[in-house]
Each structure stands twice: as C-alpha cells, then as structure tokens.
Amino acid sequence: MAELVIFLVLMTLGYLFGRHAEKRHYASLIGREKALNALPAIAMRTPPQDVIYSQQLVMGNTVISVDYFKRFLATLRNLFGGAVTSYETLLDRARRESLLRMKEQARELGAEMVFNIKYETASISKGQRQAIGAVEVLAYGTALIPDVPDNRLES
Amino acid sequence: MKYENPQIPEGINSSSTNPLKELLLLTSGALLALAIIAFVVGQASGWLAQFIPFETEQAISASFNRVGRADPPLQQYLDGLAERVQHSMDLPGGMDIQLHYSSGDTVNAFASLGGHVVLFRGLLEKLPHENALVMLMAHEIAHVRHRDPIRALGQGIAIHTLLGLLLGYVDAAILGETGLLTQLHFTREMESEADMAAQKALFSIYGHTAGAGDLFELLHNEHAANGGAELPAFMSSHPLDQQRIDALVRQAEAQGWVQQGGVKALPAMFSDWLDASGKK
Chain A
1 MAELVIFLVL MTLGYLFGRH AEKRHYASLI GREKALNALP AIAMRTPPQD VIYSQQLVMG
61 NTVISVDYFK RFLATLRNLF GGAVTSYETL LDRARRESLL RMKEQARELG AEMVFNIKYE
121 TASISKGQRQ AIGAVEVLAY GTALIPDVPD NRLES
Chain B
1001 MKYENPQIPE GINSSSTNPL KELLLLTSGA LLALAIIAFV VGQASGWLAQ FIPFETEQAI
1061 SASFNRVGRA DPPLQQYLDG LAERVQHSMD LPGGMDIQLH YSSGDTVNAF ASLGGHVVLF
1121 RGLLEKLPHE NALVMLMAHE IAHVRHRDPI RALGQGIAIH TLLGLLLGYV DAAILGETGL
1181 LTQLHFTREM ESEADMAAQK ALFSIYGHTA GAGDLFELLH NEHAANGGAE LPAFMSSHPL
1241 DQQRIDALVR QAEAQGWVQQ GGVKALPAMF SDWLDASGKK
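Chains as they are written, first to last, in this note's numbering: chain A, 1 to 155; chain B, 1001 to 1280.
Bound conformation, chain A alone (with noise of 0.2 angstroms):
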C-alpha cells in the first residue's frame, strides 16, 4: 500500500512540474530563436564562395532529463507499443536548445552564419535497466566569421 502511494505521489509530481518546466521552456525558446533568426544555421557543406571568412566550430549541447511521468508512460508503451509522444516533446527541446546554444556561441565570436551542422544524441544512464534517465543533444557546425566588414571579393 505504501509503495502505490508513493507511486502516485511521484507521479503527480512528475506530472505538475515537469508540465511547468516544459511551458516555460518553450516560451525561452520561442523567445531567443526569433531573436537569433537573424544568424542562420544552415546545412549545406559548402559554404559561400564569393566571400572569405574565418571558419570556427561551433557547438551546443543539452541535456534534459525526464520527469517520473513521462518515464512510467514510456515503459507502459514498451508493453503495448505505438509512438511514445511523451518523448517527444523532451527530444523537440533538447534539439532546439542545443541549436541556440550554439548559434549563441557562433555570434559571441562575431559570425554571420553557421554551416553545415550536424545533430548528435546520447542518452545518459543506457545501463540502468530500461529507463532513459537523461537524453543529452549536441548540435555543431562551422561558424563562418567575416573577417573585415567589407570583403567581397573584387569580380
């Protein structure tokens, strides 16, 4: 009996803050992205050929880790099944949040814009049993910094 109220207890918990966290998280994002959609990230590999820039690498990373609710409905969709939408949202944010951090970090060193990143994730504590503790998210790429305000190249 007193191990279902825990449960409960932690589960509750679980649920009221890791729904606050996950709110104000996204209000952050949302927030700081319109602010660095003036530094774009972008994928190609090649970068621009009519401008010399310093290049730097650059990286972001996050870790997150899941609250006892998401953790108990994703072991019940071990059982049965189906997309576990409670990682979802946990996987959305870590991603995002690695990517600002590192478009932070490219305009700290004065870049105009980032190529070619990259995504890598981890997920922290593997071992233990099944339950992922954490989820870590890195995000890199090249920093490309322009390295005197006005240098086309003469066509």
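These are computed hints drawn from the structure, not numbers from a lab.
Model, not experiment: these values are computed from the prediction.
Virtual Cβ for every residue (Gly too), placed ideally from N, Cα, C.
Derived Cβ-Cβ restraints for the label pairs, each shown as a range:
| hint | chain 1 | residue 1 | chain 2 | residue 2 | range |
| --- | --- | --- | --- | --- | --- |
| 1 | A | R19 | B | A1030 | 18 to 26 angstroms |
| 2 | B | P1009 | A | G133 | 27 to 35 angstroms |
| 3 | B | L1024 | A | Y119 | 32 to 40 angstroms |
| 4 | A | L8 | B | Q1050 | 39 to 47 angstroms |
| 5 | B | G1080 | A | L8 | 53 to 61 angstroms |
| 6 | A | A134 | B | P1009 | 22 to 30 angstroms |
| 7 | A | E136 | B | L1024 | 25 to 33 angstroms |
| 8 | B | L1024 | A | A134 | 22 to 30 angstroms |
| 9 | B | Q1050 | A | T121 | 53 to 61 angstroms |
| 10 | B | L1167 | A | A134 | 25 to 33 angstroms |
Using the hints provided, position chain B relative to the given structure of chain A.
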C-alpha cells in the same frame, strides 16, 4: 545566395495528445491484461494441481500431526463414523482420512492437505443428531476426495507467484505453515460439489436424507447470531445456507431418495465428552 532561418511553426515534431488520457488508456489496458492472465493462470493451476499425487500432499502436511486428537472415547466414536463415511464414499486407495479435534469455541470445521480434517468443539456441541455429524464429516471428506485443498492451494500460489513476478515483490511467507492454511479458499462450486457428495453418502449410510439440511440451518442461525445480514452470494465463498438446503432437496428429489426418516441421536455421553475436553 541568400541564407535565412524563418521561424518554424510549432507542433510539428511533437504530438498534441493529452498525456493524462494516454495514461488512463494504457493503464487500464495493462490492468485488464493482467487480470485476464491472472484468471487464466489461476484456473489452469487449479486444474493441474489435482494431478499432484496424494502421497506428496501427505508429505507436505506432515506438520498437521501436531494438531491434537480428542480423548479416546470421543476420538473412537468420531473415527468410527469417519470409517463408515469413507467406505460409502469409496475413497481411492492410499487416501487416508485423519480426524483431528480442537477444543476451541469456533463453530467451524475444515479439510486441509493430506487428508487432515479438523473438527472444532464449538460446532460439534451444536449438532442436533448423528445424521448432521455424518453430513458434516462427509462434506469435509468429500473435499479431500475431490482434491479441493490442493486445487485451492495451487490456484492461490500460482496467482500469488504471478503477481510477485510481474509486480516485483516476493513474499516467502506463503511457503510457511500459516501460508498453507490461510490460502485455503474453496470456491462455491467446490462447496456445492461437496454438499452433493455428502448427501449421497448420508443416504447410503442411513437409507434416507432426513437431517441433511439441519447442519445448514444450524450454520445459518450461527451467521445470523453473529450479527449482520449474510453477504450477497457473490461476495462470500460459501453459497448461502438456504440455497444449499434447497440444492440438497433438489438432489434428493432428482435421485428419488427418501427424504423422511428417523434421525439417529448422538451417543448419550457425547456432550459429556465435549465438556470434558473443553475444560482442559
């Protein structure tokens, strides 16, 4: 080439399903599946348990021999009756009934593993005549004959183990002595079957079925006296007493048995024997 990052619309990479609704759906699905599996496992184990040899039951229940017997005159009388019942019920070879007696006030009697049957003084002193006593014994011996103790135990242990495996707790107490006793929960079908077999034995011993219902009248009065209405039939493991009496009458009519007859009185010394043991 102009490179841009427009604001991406929300809600593409995540679903808008309500997590609470999903939780409710998945949890009720899981609980339903669990209930079905537990039911199937229980029924299967109950059925399989009857193939455990009786000798194994006797070996497991050897600790029962510590439950006392009555003083010689009473024990002899009871054993004598039990012998007659066993003969009339045609028990398989090797199935020996061991009658035990407890001087407690409980108005009850039960059959456990290995052919051990325990009669309590509280019930014995309320029996009106020998026919009721034979009916009682025949009922308990019928449980043994039908292997009801091992079947009930098998079902109980199987479900307990399944839940333990799935939900992750281990309760070793089930294997102890208290575990063996407390898990004995006969279904209503088992009780009805035992009633039918008992009345058949009663008829073959006395030539009529008079007095068969008196045992249940007595139990009914006991239940009523203990306060509280009887639980509705589906909530209690014993079929309601009146239903049992009716079922007995229907069986007698169907078989064409004589239902009237003189009941045999208990021996004159019977209540003295009970009092003597109660004073210990």
